[in-house]
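Given the coordinates of chain A, assemble chain B onto it according to the supplied hints.
Chain order of the listed sequences is A and B. Position 149 (the first sequence) corresponds to 149 in the working numbering; numbering is contiguous. Position 99 (the second sequence) corresponds to 99 in the working numbering; numbering is contiguous.
Worth flagging that the hints you see were computed from the coordinates, not collected in a lab. Take these hints with a grain of salt, some might be off.
What the hints assert, rightly or not - Residues from chain A that face chain B, not an exhaustive set, calculated with beta carbons under 10 Å:
#1 F179
#2 T184
#3 R185
#4 G187
#5 A188
#6 A192
#7 G194
#8 N196
#9 S199
#10 A200
#11 P206
#12 G262
#13 V263
Even for Gly, the Cβ is constructed at its ideal location relative to N, Cα and C.
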Amino acid sequence: MIHARNLPFVTTLGIFVIAYALCVAQFPNMLSTRVIGNLLTDNAFLGIAAVGMTFVILSGGIDLSIGSVIAFTSVFVAVMVGSLGVHPLVAFAAVLVISTIFGSLMGAMIRYLDIPPFVVTLAGMFLARGAAYLISTESVPISHEIIDTIQGFYFRFPGGGRLTALAMLMLAVFIAASFIAGRTRFGANVYAIGGNQQSAELMGVPVGSTTIGIYALSGFLSGLAGIAYTLYTSSGYSLATVGVELDAIAAVVIGGTLLTGGVGLVAGTFVGILIQGLIQTYIVFDGSLSSWWTKIVIGILLFVFIVLQRGIIWYSNRKLAESRLKEV
Amino acid sequence: MTDTNTLLEARGIGKSFLGITALDGVDFTLEAGEIHALLGENGAGKSTLIKILTGVYTRDRGTMRMHGQEVTPANVGEAQALGIGTVYQEVNLLENLTVAENLFLGRQPRRFGLIDRREMRRRSKALLERYGLDIDVDALLSSYSVAVRQIVAIARAVDLSGKVLVLDEPTASLDAHEVEMLFSVLRKLREDGLGIIIITHFLNQVYAVADRVTVLRNGRLVGTKKLSDLPRLELISMMLGRELQHITRDHQAEDATVAATAEAPIQFLGYGKRGSVAPFDLQVRPGEVVGVAGLLGSGRSETAFLLFGIDRADSGTAMVDGKEVTLSSPEAAIANGFGFCPEERKTDGIIGDFSVADNIALALQARQGWAKPITSAEKTALADNFIKSLDIRPADPERPIKFLSGGNQQKAILARWLATDPRLLILDEPTRGIDIGAHAEILKMIEKLCAEGMSLVVISSELEELTAVAHRVIVLSDRKHVAELAGSEMTADNIMQAIASSARTEAA
Chain A
1 MIHARNLPFV TTLGIFVIAY ALCVAQFPNM LSTRVIGNLL TDNAFLGIAA VGMTFVILSG
61 GIDLSIGSVI AFTSVFVAVM VGSLGVHPLV AFAAVLVIST IFGSLMGAMI RYLDIPPFVV
121 TLAGMFLARG AAYLISTESV PISHEIIDTI QGFYFRFPGG GRLTALAMLM LAVFIAASFI
181 AGRTRFGANV YAIGGNQQSA ELMGVPVGST TIGIYALSGF LSGLAGIAYT LYTSSGYSLA
241 TVGVELDAIA AVVIGGTLLT GGVGLVAGTF VGILIQGLIQ TYIVFDGSLS SWWTKIVIGI
301 LLFVFIVLQR GIIWYSNRKL AESRLKEV
Chain B
1 MTDTNTLLEA RGIGKSFLGI TALDGVDFTL EAGEIHALLG ENGAGKSTLI KILTGVYTRD
61 RGTMRMHGQE VTPANVGEAQ ALGIGTVYQE VNLLENLTVA ENLFLGRQPR RFGLIDRREM
121 RRRSKALLER YGLDIDVDAL LSSYSVAVRQ IVAIARAVDL SGKVLVLDEP TASLDAHEVE
181 MLFSVLRKLR EDGLGIIIIT HFLNQVYAVA DRVTVLRNGR LVGTKKLSDL PRLELISMML
241 GRELQHITRD HQAEDATVAA TAEAPIQFLG YGKRGSVAPF DLQVRPGEVV GVAGLLGSGR
301 SETAFLLFGI DRADSGTAMV DGKEVTLSSP EAAIANGFGF CPEERKTDGI IGDFSVADNI
361 ALALQARQGW AKPITSAEKT ALADNFIKSL DIRPADPERP IKFLSGGNQQ KAILARWLAT
421 DPRLLILDEP TRGIDIGAHA EILKMIEKLC AEGMSLVVIS SELEELTAVA HRVIVLSDRK
481 HVAELAGSEM TADNIMQAIA SSARTEAA
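So that you can see chain B by itself, here it is in the shape it has in the complex:
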């Protein structure tokens, strides 16, 4: 596709970090006058691709052309000079400066070598008027809402670059009205002939504003499609990486056992938090694995945060053994026998400079209280025990955990919670970013733990994995629990149907 309308063309882009492939032979084409959505789950390679296009990273392989000319932007400034401007999700502008100072930072109009504030003010006003924004440009940026800041950021990026505009999750913290305001700005820019790349995980917004969509998964291109002839269900299956087909596992036998089980000892009734997850009911029985499915941003991790007391619920009650409990902090959750392996293992899970043994002993120590320190002999015994039973490699309890592979780090974090002998263990994406061998081991371990009577809540974007290990799956969409599937109903097809149909009713 090299018609005259093609603005930016990337072919066979590849990038690895420390031997781990982040992008593998990805093609991407952006035309002038189109809004192009870029979709994919966490770790799909969206941000890596964007960072290559905008000059933050340099590609290892592949070609990149602007107007047919091969280009290799080495930094953000060079990309800007080529006409590629970016608005990042969180770190975009400077809140301690005024609107005008933000718009003209680094290119302030000058008179006699000094910044001409009057001219800067006049030009800022004129610039923002084109976006229908009539605000005091001498007020601090921090005094405006996120939506206004977002538009100021777009105005700066377009004014600087003017050909390609990249928006990284621009709607993440906007309400419906603000999103509409932003989209009308984008549509106007499209009419002006800009090529716009938008990263988002809200499917409704993709259909509302974008012309084409490119889906990435695990660093590879799944496909580029025109949205006008792409059914929602197909888009979801592109993102979750599964063709529509029937799953082989037979859940018939389980239907009876699950239904027959009596009152669950751990119950959440009408549990929710405004702006995070709508109120939901959840019962977990001993020896049961409850799966949580949904797209990125649907409220998966937020549900886990509520269950573990990281976020405080503002509605509903939590019951353990028929008694109402308050999960006001992770400490309270641990006291009730809960454990949680977070999604962001590197930042939220491990303490990189601590040894494997120290990392394993952490939760147990927290549960015992600081008055009763675990002796170093006990700690080593504990670590040795888990290193053996979970096959953590290398089998050296004193090695700083940051030197272990992802799979072994994940096992060590599992060991941390197993040491506290929890009754409910919440696993958020337990198999992300770990190699296939460790992947299978962790799934096997989940089955073993549940056979021993532990309750588990497993959050995953791998539907096959979920349907394989879970007894029930709760489906989330747009921060609501929209369906609960069990037994023979629990198939990847049905999960995707549930997401798609709820998205459709949302849009209607």
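Pulled out of the complex, with its shape left as it was, chain A reads as follows:
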């Protein structure tokens, strides 16, 4: 039996399978491992960022700073490695520490100053974007043998597709995050806070440390997404990835996570990312469509999902009322 709470995820999965089948029916080449490999690589950085966003939204919050943190990270790494000659791995480690601290500070402000996440992360968004401009306003190219090695590393699928290091990184993040969400006390606390923060607190959930942990995780994953983006484009540019946080939110919601928090799966976000990638791939295959169609389809899907979630809540409330009536 499908639980009502998994229905949005199952719907998403169904939509993806049907959409993919339709695409393949029109362009049989889209079934190739090459397409799948590229889809994963092209969306790796977005996928990693969306994982962080999943935790934030599950807890009933929002993180608008993601796109700016990615831009900051990429510029920071590019300048450190390209201009200052720092070893890439050192630059990666430094930037992950910075983005994690940045996230945990936002979490602390949300919790202890009782400011809505929307406002705090909006401020974080401007701050990180400004910091990125401060470092460099130009596109900074990056090259280093380690970066070349990472970029050149891949497994070959049968059929010529490549599972690149970036795709593997994203898959690893999704798998680890699934375990954190579903099988750790931290994960359970995230769902609890998203369900009802006051009840969670009365039940003894450490709301403070969990909130900080959630935004620290989102900050860390934004930093990691920034590194992935740097590797993907071989450069850092402070004007890049504007609005990526909105794409991440879209992926999370299309993946079946309730925007009000408490209900959703990390795996759903993965399917949400795949759907977005599929639409882009279809547009490339078609060749005549404007790439803005991606946005239009995403917009329609978002509407469908929000209505669907409302419908499920309405339906389960009604069923509950009916069962109560029967008992009486």
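Using the frame of chain A, we list chain B on its own:
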């Protein structure tokens, strides 16, 4: 009383919020193996006492002992560690999690650092079996009825704490069958030696399940009694805070005038709503004050909600001037010349950040419609007028209303309705939480308004206040209108008798 059976002992507990005393020198003793009911009207200090015992608040004065050891729980977790568990009325568990996840949140069994779902499921099943509950623990909590959720909450609290169980209005949304199911669980826990504190306002349930009762009133202890030798009438008089004695006011003269008055222009016939208030008849004549009495939860406020169209009646008709009207919303009620000052002044009455003038002009604006805005000059004139006539202090129409005292806020809300020149004004607990001076002024104003020909419905738990201002009193019990007293019959004694006798027939 410090015999070996004493589990939890509180002495002289005091607590103030912003200078307002919520609890004043309250003693409370809980023994192992007893169910102890805690009673009192709204604002009596029940929840403050419970929150101190369970670590949500810290006490200002007094001592608290568990097994003779002085303790001061600083938060819910510390109280749990001491053995004190709580089940709150509404916010208790998380509906978006499964039953098992709720039972073990924060203490999930783990293997290799990961939550062991199989073990959690097994232990949840075993735990609930002891309460006679055989349900799918992997289903969402929201898929179960309130009664089942309540038992899951109790199971969690007892499993966590195990000595003292506090239940805050556990039966508020349960039906009779579910209540019995809950009580059998409580009786079993009592046999296991737990001390149980239960807050409820259903007297029948108190007599059905509790051993002793402690009554609070206005933050003070009225007394702790064994229920087996406490007559119902005495318990009610403890709660309403009056000794049984005859009231001095003479209503003889009024008997004739009330009876002589002709057909009432405002009538409610068979008016009621299922699950809220049983159908009742109510006539209100100009210049008449109808009092509504009853214990907390008897349907007092629900009656007001029906009259003002906040809740929609599902039976009966409302007539104004002989014409049938539909009170489908407060807007419709206002259009018929009704006004309503709600009980929860802070949340339902004032708009705290608005100025006094804005708050006063609100209902008049609503009545006029948004197409005809009240100019700010008119608004100030209106406010000045009422500030003067009602003596609202400080006399500053531009001050945000949240900075005024309770009594002055209440006057401003009265002014809001008076500005619309209503024919029927419904006042729900108009004198709660305001100082004595303002109290007297508001009572005087009620008399003045009724002398001017306005009709009033006044709901109050202060019986003396009711019998003093009302011409007739309607008595509610268990969501039914059980009696209507007028003239010389209208005494605090008779009101309490009416409540007690209806409660007894209910129980029989």
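Against the structure, the hints:
Checking F179/A against chain B: minimum C-beta separation of about 7 Å stays under 10 Å; hint holds. The closest approach between the C-beta of T184/A and any C-beta of chain B is roughly 6 Å, which is under the 10 Å cut-off, so the hint is satisfied. Among the interface hints, the one on R185/A holds; its C-beta lies about 6 Å from the nearest C-beta in chain B, closer than the 10 Å criterion. With a cut of 10 Å, the hint placing G187/A at the interface with chain B holds, because the nearest CB-to-CB distance is about 8 Å.
For A188/A, the interface hint holds, the least distance from its beta-carbon to any beta-carbon of chain B being 6 Å, beneath 10 Å. Hint status for A192/A: holds, given a least beta-carbon distance of 5 Å to chain B, under 10 Å. Look at G194/A: its Cβ gets to within about 7 Å of chain B, closer than 10 Å, so that hint holds up. For N196/A, the suggested interface contact is upheld, since its CB lies about 6 Å from the closest CB of chain B, less than 10 Å.
Given hint, S199/A at the interface with chain B, holds; its Cβ is 5 Å from that chain's nearest Cβ, closer than 10 Å. Hint on A200/A holds. Least Cβ distance to chain B is approximately 7 Å, under the 10 Å limit. For P206/A, the suggested interface contact is upheld, since its CB lies about 8 Å from the closest CB of chain B, less than 10 Å. Against a cut-off of 10 Å between C-beta atoms, the interface hint on G262/A holds, since the closest Cβ of chain B lies about 4 Å away.
Here the hint on V263/A is kept, as its CB sits about 5 Å from the closest CB of chain B, short of 10 Å.
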